[in-house]
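**Student:** Letter by letter, the chains look like this.
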Amino acid sequence: MSSPRDPIDDWLETEVMPLSPPPGSLGRIRQRAKRRKTRQATFVAVGCAVILAGAIATPQVISALNQPRHHSPPVAIGSSGPTISASPRPSTSPSPSQESNKATQIKQHSRLSTTTSGTSPPAHFRPTSVTFVGNGAGGVVGAVVGQAGPPCATSVCTSLAGTSNYGQAWYGVSAPVAPGPSGSSGVSQLRFANLRDGWAYGPALYETSGGGYPWHQESTYGYRVIDLEASPARAFAVFGTCYGTGADYAASCSSFSLWTSVPGGRTWTQVSLPSADEPMKSTSSAAPLLVISGGNTGYLLTPSGEVLSGPATRAGGPWSAVGTAKCKPGSTSTSGQAAQPTAQLASGPKLLLACATPTADGRRFTEAIYSSATGAAWQQLGSMTVRGTPTSLTAASSAGAASGVVALATTDGIRYSADGGATWQVAAVTGNSPAGGFSYVGMTDVDQGVAVPTNTSLGEVYVTNDGGKAWQASPITS
Amino acid sequence: MARLRTSDQQAVEEFFNACYPRLAGWVRRLVDDDETAHEIASEAFTRLLARWSGLDNPQSYVYMIATNLVRDHWRKSGRERNAIRVMTAAGSAEPAYHPAQDVDVRALIQALPERLRSPFLLHYYGGFGLKEVAVMLGRPEGTIKADLFNARARLKAALGDARE
Numbered sequence: 003m004s005s006p007r008d009p010i011d012d013w014l015e016t017e018v019m020p021l022s023p024p025p026g027s028l029g030r031i032r033q034r035a036k037r038r039k040t041r042q043a044t045f046v047a048v049g050c051a052v053i054l055a056g057a058i059a060t061p062q063v064i065s066a067l068n069q070p071r072h073h074s075p076p077v078a079i080g081s082s083g084p085t086i087s088a089s090p091r092p093s094t095s096p097s098p099s100q101e102s103n104k105a106t107q108i109k110q111h112s113r114l115s116t117t118t119s120g121t122s123p124p125a126h127f128r129p130t131s132v133t134f135v136g137n138g139a140g141g142v143v144g145a146v147v148g149q150a151g152p153p154c155a156t157s158v159c160t161s162l163a164g165t166s167n168y169g170q171a172w173y174g175v176s177a178p179v180a181p182g183p184s185g186s187s188g189v190s191q192l193r194f195a196n197l198r199d200g201w202a203y204g205p206a207l208y209e210t211s212g213g214g215y216p217w218h219q220e221s222t223y224g225y226r227v228i229d230l231e232a233s234p235a236r237a238f239a240v241f242g243t244c245y246g247t248g249a250d251y252a253a254s255c256s257s258f259s260l261w262t263s264v265p266g267g268r269t270w271t272q273v274s275l276p277s278a279d280e281p282m283k284s285t286s287s288a289a290p291l292l293v294i295s296g297g298n299t300g301y302l303l304t305p306s307g308e309v310l311s312g313p314a315t316r317a318g319g320p321w322s323a324v325g326t327a328k329c330k331p332g333s334t335s336t337s338g339q340a341a342q343p344t345a346q347l348a349s350g351p352k353l354l355l356a357c358a359t360p361t362a363d364g365r366r367f368t369e370a371i372y373s374s375a376t377g378a379a380w381q382q383l384g385s386m387t388v389r390g391t392p393t394s395l396t397a398a399s400s401a402g403a404a405s406g407v408v409a410l411a412t413t414d415g416i417r418y419s420a421d422g423g424a425t426w427q428v429a430a431v432t433g434n435s436p437a438g439g440f441s442y443v444g445m446t447d448v449d450q451g452v453a454v455p456t457n458t459s460l461g462e463v464y465v466t467n468d469g470g471k472a473w474q475a476s477p478i479t480s
Numbered sequence: 119m120a121r122l123r124t125s126d127q128q129a130v131e132e133f134f135n136a137c138y139p140r141l142a143g144w145v146r147r148l149v150d151d152d153e154t155a156h157e158i159a160s161e162a163f164t165r166l167l168a169r170w171s172g173l174d175n176p177q178s179y180v181y182m183i184a185t186n187l188v189r190d191h192w193r194k195s196g197r198e199r200n201a202i203r204v205m206t207a208a209g210s211a212e213p214a215y216h217p218a219q220d221v222d223v224r225a226l227i228q229a230l231p232e233r234l235r236s237p238f239l240l241h242y243y244g245g246f247g248l249k250e251v252a253v254m255l256g257r258p259e260g261t262i263k264a265d266l267f268n269a270r271a272r273l274k275a276a277l278g279d280a281r282e
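Chains as they are written, first to last, in the numbering used here: chain A, 3 to 480; chain C, 119 to 282.
Extracted from the complex, chain A is given alone in its bound form (with noise of 0.2 Å):
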């Protein structure tokens, strides 16, 4: 006999239908809610002038009891108005849980440093993103951010690891106190400009000029970030107004907008883009590109294929229009990463551009490589035929050479390119590329390069230190 279908499951199941609002809804909400603001300032300003006037009161009244005869008490003029100041943004209150485990994760201070934190990364640590930085005397130092657990020193269980070594051993960094992505809260990615400032986001938004200890939550003004780079000089960020909830942060997005910050600074302003481009509409919700290319330059691929530039070093621009490219960026779903295969962008001494075409079957892509010196004409350097989708494209080139690496990431392993673009191999990953391959690749030199897996229950990123050809698995622990 077959079991009854459970009614609760049908009735969760059955797809809610859209409700159009009537034609002038906006506008009518609009004022209800303005005539609603205009009556609580009123109010407020009532209030404020009763206080006040009581407190321009209360001498006179004062001085008439204090006469000799009446022995009243002084009063403190004013001690118990409101205080009215500018203040910054709130941001979303913490869970009474977080509040509690803040005081558990503030007492590891623990930094990026050149050496070590001292201390040990938390066990079952599943990372999402990986940046590295220069330590100030040609080496490098990493950072990845992840969740990690259980078990976790507390329910919110982000956590970042350091490494001085290239991956060879990892130490503890302490992290901010935010879960994981989540609709709009939580952080999964991480970006570094220099050994002190860094940024934790993905959808939200968190602030370090300390090396990992402290961060600080800023405002995105509602907005979700999906993507940021930072060069030494400035930091940029993609800006999304994006309705996907859980760990889809970055789906259903409407709009996107470029925003830019110093390192050190904890507000956020808006890049002047070209009218057409402001903000950047999306209709198939594909997220722009957006790359630095030598540390002055920024680059961002918008959802309708255009190629803006602008300094890299300054906040305000401008950012104009440079080209069109020769494909566009795909829509997005967790962690920022394209789910369709279209576009992906790298900077190396050239912009390049790597734009993927499912093949006739359906089974794989025909990735074809573009570069450009500046983004308005592009040329094929080459193609290739991949099995996964391609995730993420990554260059990297010697001193005044022209060409360099190149690795491209897919949801199958790892392809590279030691004539900057030209011709590619398969990368040898040690122990057979993992399951569903890597999210993420990038070269920090010519030799070395680290790859996120798409599958983070790993516990591991993977290293090369021969320009791509060979990848080993670096567990995150000490």
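It should be emphasised that the hints constitute simulated quantities derived from the structure, not laboratory data.
Where hints are given, some of them may not hold.
[What the hints assert, rightly or not] Here are the computed distance ranges between Cβ atoms for each label pair:
id, chain 1, residue 1, chain 2, residue 2, range
1, A, G29, C, S195, 27 to 33 Å
2, A, T359, C, R169, 44 to 50 Å
3, C, D126, A, R37, 14 to 20 Å
[To be verified] Covered stretches of chain C, going by a simulated chain A footprint (3 or more residues, C-beta under 8 Å):
id, stretch
4, 133-139
5, 180-191
6, 236-247
A virtual CB, placed ideally from N, CA and C, is assigned to each residue, including glycine.
Here the structure of chain A is known, so what remains is to put chain C in place on it, guided by the hints.
**Tutor:** Just chain C now, kept in the frame of chain A:
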């Protein structure tokens, strides 16, 4: 500052266009009345806009407001039904169910205690993840998980009783 305000205006319009239809549809499923659904959705957006600049998560806020307004509507309509029954003294013992096929479940959700109802609606109906609901309601994620389990268990038990 002016730029921020312009951005806010655009953000409000985009948010409204993207969110209103689903929110109103969500409310309609709970009240089964287009007019009431529009009233509740409009009121939720009005309250949202009245304090838009102070919010980091407008979507959570507007759904929380709508959830509370739906609860108030249920309370009010329940009182009205009771009053009519008392006044007519011949009121049918049958509840005034709407013809929608999901009315049994809706009536049972309506009867859930507030502690269980809000996470149930926000998670299963609003599509918010466990972590988001935990933040919205200021409760630990584990508590939300337990609340959802208890809510489903109660609904199943109540539905079984109602159909026996």
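**Student:** Does each hint fit the structure? Answer for all of them.
**Tutor:** Against the structure, the hints:
Restraint check, G29 of chain A to S195 of chain C: a C-beta distance of roughly 29 Å satisfies the suggested window 27 to 33 Å. Take T359 of chain A and R169 of chain C: their Cβ atoms lie about 47 Å apart, and the range 44 to 50 Å holds. Checked against the given bound of 14 to 20 Å, the beta carbons of D126 of chain C and R37 of chain A, roughly 18 Å apart, stay inside it. Only residues whose beta carbon comes within less than 8 Å of a beta carbon in chain A count, and the stretch 133-139 of chain C has 7; three or more means the coverage holds.
Only residues whose beta carbon comes within less than 8 Å of a beta carbon in chain A count, and the stretch 180-191 of chain C has 0; fewer than three means the coverage is violated. For the stretch 236-247 of chain C, the stated coverage by chain A is satisfied: 5 residues place a CB nearer than 8 Å to a CB of that chain, which reaches the threshold of 3.
The structure is inconsistent with hint 5 alone, although it conforms to all the rest.
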